[in-house]
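As given, the protein sequences belong to chains A and B, one line each in that order.
The first sequence begins at 1 in the working numbering and counts up one residue at a time.
The second sequence begins at 1 in the working numbering and counts up one residue at a time.
Derived by calculation from the structure, the hints in this document are not laboratory data.
The reader is advised that the hints may include incorrect statements.
Which copy? The list can't say, so a pair holds if one copy fits it or any two copies do.
[To be verified] Dumping the calculated BS3-like pairs for lysine-lysine here, alpha-carbon to alpha-carbon at most 25 Å:
id : residue 1 : residue 2
1  : K92       : K58
2  : K39       : K63
3  : K11       : K109
4  : K158      : K11
5  : K63       : K11
6  : K39       : K109
7  : K54       : K92
8  : K109      : K63
9  : K11       : K54
10 : K158      : K122
11 : K158      : K109
12 : K126      : K158
13 : K126      : K11
14 : K39       : K122
15 : K11       : K122
16 : K63       : K122
17 : K122      : K109
18 : K122      : K92
19 : K158      : K92
2 protein chains.
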Amino acid sequence: MEGATVRGIAKEAGLSLGALRHYFATQDELLMYAMQLVKERATARIAEISANEKWAPKERITKIFLELLPTNQEKMVEMEVWFAFTVYFRHKKDGFDAQHDGIYAAVRKLLDSADQLNLLRKELDKEMEAEKLYAVIDGLALHAYLEPQRVNGEWITKVLEHHLASLFH
Amino acid sequence: MEGATVRGIAKEAGLSLGALRHYFATQDELLMYAMQLVKERATARIAEISANEKWAPKERITKIFLELLPTNQEKMVEMEVWFAFTVYFRHKKDGFDAQHDGIYAAVRKLLDSADQLNLLRKELDKEMEAEKLYAVIDGLALHAYLEPQRVNGEWITKVLEHHLASLFH
DNA sequence: CTTTTATTAGCACAGTTGTATTATAAAAAT
DNA sequence: ATTTTTATAATACAACTGTGCTAATAAAAG
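Can you build the whole structure from these sequences, using the hints too?
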């Protein structure tokens, strides 16, 4: 949250303090808006992949999961924003529950639909695998953020694809 | 880092500002010390498990990995500290490399020794599995931190044990 | 054309922060 | 015994922060 001061944001936007305050009465409003913006952008990208029928189901599902990883600069920035804000709001316990990710729910849904398409290995514990996959995704994202030189885009792509391959048959 | 102000820490310690400053000239020194303290405590706990021969190797290795997860209140607090400080120092790029986890290296080492004891399934790509396991560990830890009600100690224990079982034969 | 509303800019205020300085007491060293 | 080092406290300072307030200006509505 280092530069996310009201003054810093106003300067970046080319506005005065008062002008910015005309649109966002408090800092929290401003940060919430930024967080929602990131969420909407990511959701839109995923919806686009979801709707694109030129890929086979398995490929499409893989691409969706890959979309959750910071494999390029743009997504890395979004991820940093999301991450910083999550930690920030985590510490103002008030009304944070409503702000939750939804990624876990999305993972479960995707695994379910993969299962209905008969893509998954039969012996899997789906609840367990959902939790593991969710952990792999955020773990890789976190490591790409903290150790960008060692854990880069190509590598996390490979690792996630490898993990998904272990779920499909 | 909400309460980690110099004044806050001095008050918590029952010292005046000047007294605290006698031991830690700057805030960064203080935070670095706290970070190192957490690291030493965790390292000591792991060393203790490592040296305890009452467990079979597989069980021992499992216990070590479980030690990296915030399965109780104490470890959760340590993890929050570690986590907040990591993010904090990440943003002061200066001399952060030296402060790195070492968890990834530890995971690789443990997998190697498990392999030498013939505990691992033969067809595994060890580099890949180390990265995945590392991601699962930190992913679970992160989720336990952000969603403590859903992702609690027993559950992450179960999930990690399940994942380790998929590596052993 | 007048009036109302939306927008912008600037400043002030009160609080917090890290750090520097100075004074004083206690302990240790010489 | 005196000098030096260690420890503690209190205060000061400059910078930064979120937010409130006021006035001016542009745009829109009546």
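Alpha-carbon proximity between K158 and K109, which holds within one copy, between copies, both or neither at 25 Å: So K158 and K109 pass the 25 Å test inside a copy (23 Å) and across (22 Å) alike.
At most 25 Å between C-alpha atoms: does K63 with K11 qualify within a copy, between copies, both, or neither? This pair counts as neither: shortest intra-copy Cα distance 37 Å, inter-copy 51 Å.
Intra- versus inter-subunit Cα pairing at 25 Å for K39 with K122: neither (33 Å within a copy, 41 Å between copies)
From the Cα coordinates, with 25 Å as the cut-off, is the pair K158 and K11 best called within, between, both, or neither? For K158 and K11, neither the intra-copy (40 Å) nor the inter-copy (49 Å) Cα distance is at most 25 Å.
Status of K63 relative to K39 across identical chains (alpha carbons, at most 25 Å): Cα proximity of K39 and K63: one copy only (18 Å, versus 37 Å across).
Checking an output row: K54 and K92, CA cutoff 25 Å. Within, between, both or neither? Neither: 44 Å inside a chain and 45 Å across chains, both beyond 25 Å.
I want to check one pair: K11 and K122. Are their C-alpha atoms no more than 25 Å apart within a copy, between two copies, both, or neither? Neither, since 56 Å and 58 Å both go past 25 Å.
Homo-oligomer pair classification [K54, K11; C-alpha up to 25 Å]: Neither. Shortest intra-copy (44 Å) and inter-copy (62 Å) distances fail the 25 Å Cα cut-off.
State whether the alpha carbon distance between K122 and K92 is at most 25 Å within one copy, between copies, both, or neither. Answer is neither: 43 Å inside a copy and 48 Å across each miss the 25 Å cutoff.
Can you give me the call for K63 and K122, within, between, both or neither, at a CA distance of at most 25 Å? within (22 Å within a copy, 29 Å between copies)
Alpha-carbon proximity between K126 and K11, which holds within one copy, between copies, both or neither at 25 Å: neither (48 Å within a copy, 49 Å between copies)
Reference check for the pair K39 and K109, CA-CA at most 25 Å: within, between, both, or neither? Answer is within: at 18 Å inside a copy they meet the 25 Å cutoff, but 38 Å across does not.
When held up to the earlier numbered hints, the structure conflicts with 1, 3, 4, 5, 7, 9, 13, 14, 15, 18 and 19 and fits the remainder.
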